[in-house]
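Could you slot chain B onto chain A? The hints should help.
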Amino acid sequence: MSAYEAIILTIITASTPLLLAAIGELVVERSGVLNLGIEGMMVMGAVCGFAAAHVSGSAWLGVIAAVMGGVAMSLLFALLTQTLITNQVATGLAITLLGLGLSGLIGSDFVGLPGVKLSNVSIPWLTELPYVGRLVFGQDPLVYVSIVLTAGVAYGLKYTRWGLIIRAVGQSHSSAHALGYRVIAVRYACIAFGGATSGLAGAYLSLVYTPQWIENMTAGRGWIALALGVFSTWLPGRLAAGAYLFGGVWILGLYAQAMGLGIPSQLLSSLPYVATILALVVISTNRRLSVINTPASLGQGFVPDR
Amino acid sequence: MQIVLEKRSQASSWMNVMSPVLAVSLTVIMGGLIFAAIGKPPLTALYLYFIDPLTSWWSIEEVLVKAGPLVLIGVGLAVCFKANVWNIGAEGQLTVGALMGAMVPILFGDWQGPWALVAMLLLGAVGGAMFAFIPAWLKTRFGVNEILTSLMLVYIAQLLLDWMVRGPWKDPHGFNFPKSVAFEGWHLLPMWGDGRMHLGLVIALVIALVLYWVMRNNLKGFEIRVVGSAPRAGAFAGFSQTKMVWFCFALSGALAGLAGLIEVAGPIGQLQPHISPNYGFTAIIVAFLGRLNPLGVVFAGLLLAVSYIGGEGVQIELGISDKTTQVFQGMLLFFILMCDTLILYRIRYLSAKPVTGSGDAS
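First to last, the sequence lines map onto chains A and B. Numbered per the numbering used here, the first sequence spans residues 5 to 310. Numbered per the numbering used here, the second sequence spans residues 1392 to 1753.
The shape of chain A in the complex, shown without the other chains (with noise of 0.2 Å):
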């Protein structure tokens, strides 16, 4: 394997959990939610994950449970957000603080124990292919599944009926309910959506990128991820550039680490969270990019009238 190919695949490896993360919060903030918990339900996903791979033996039971784990929390979210009308920034942080603490108390059990890595594909004769053959046909499942799911949400939102039910959420809600659509219903699937992709997430840092189960182990790419949907003005192609950029941040400041500069590693590995300020930064001075997709009932809770 070539160097070039080498930095490539730890780009992507770094990148998928991102875009997993992402891809599932572009779909919520889209119905109107801004779901603040990620983080936490990234967290339980890759303790969950970790955990039933771990005693079943099975990386795809982890995979599976990662996904409950995921959707487990993120229906708590909605419970409160939407049947119970919580302040939604609030909400979120209190999933994300709940996430981190719960996954460290299940998690306490497994510090240290090996973990089951999910293995990589490999189709005989194209996976061989020289240059291209590992990284088209040899990657981990759950790149595939990222792109797929990236590829599907764009399609989706842009062209379905389901789509369209979902934008109309997200841009006026009091108008889509006197449409007739169940406004609650809607955002309570979106909200399942991306508790799963966020669940997948944290199975691809526990099953794939690092397969042990470490404390806090998403360092804040959780809220990378939300970053990046705010980059991306809520459009899934630019989320995944986005993605793949970032992920090249995280890779670029662990291959200079590694090379010894003598640049602190502190600054290297702080690279990424300064790089996504300056891409917040960057994204907002652009009103005009910045508004145009913005749903327009993002982070308001809806009550209908009875």
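Partial list, derived from the structure: chain A residues whose beta carbon lies under 10 Å from chain B:
| hint | residue |
| --- | --- |
| 1 | Leu-40 |
| 2 | Leu-80 |
| 3 | Thr-87 |
| 4 | Ile-89 |
| 5 | Ala-98 |
| 6 | Leu-104 |
| 7 | Ser-107 |
| 8 | Ser-112 |
| 9 | Pro-268 |
| 10 | Val-278 |
| 11 | Ile-287 |
| 12 | Val-307 |
Derived by calculation from the structure, the hints in this document are not laboratory data. Virtual Cβ for every residue (Gly too), placed ideally from N, Cα, C.
Coordinates of chain B only, in the frame set by chain A:
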């Protein structure tokens, strides 16, 4: 039968007081269930968690020591949230405040005397405020969401502290441990009791009382409430949203920075890679549990301080992971938000409606 939420014509002040009580009760019940689920005696665990810390003078002192920073940060955040400004990076402001204040003992170690301590306290507050100005500036100048920026800055601040204590500010005689020189003399807060209680607690209480008075009787307090709850009305009254963002970040950042300095110049006594058990995030819970009211925050801070000490207690006595503390804190925020719904809404039980033929979408 159907259960619906019905908007109250007026916010219920009774529920505003009862909601935290209800939330704490629910947290205790859920906590008991969790203890039972992991095979520990629930009642013993709950006793150790919530009552035992209050049974000896030693642990009461510990609770007060933990409550200090929580109250200090919590009152700042309460004002922020009241004004609908979302500073969730207090943990980072705390870290930078501690770093700034620590300049005095680390760079000017020979400067002793009361003024050195005053300078440390001021530098701590200034450091926190300056760091909080970054999200405030990005918000007011570029319209960048302050939630994301203030949070990203937490990671950056923690990495900065990590670098400082492993690099330039490492104690040269410290056997290569990642720690700064130990603070001495006037670089430490005056202590009393068994040597744990310190001046920081008094500072926290005084600031909480001052802010309580300001929020209640002063025009600034009125402005904060108006801008937060009715921004349009605030604009008509001539209150500037931009200035409010700056004010809130300055205040909450300064208080968080002060809390950080108080930690390193009080219980810790030097800089080290970890100076706070997530006070900056726990203070968010404190602010909500305290009804975004500075006086309420004092009580909420005490309660959450108990949860820290109780968490340590069950860890020692029953071998339960200290992560239970974080779980309890998360649950508490959860239940408080849930119960707060009852302030604005009441629960109505509707009997099954007779079929009327009118198309009811709900």
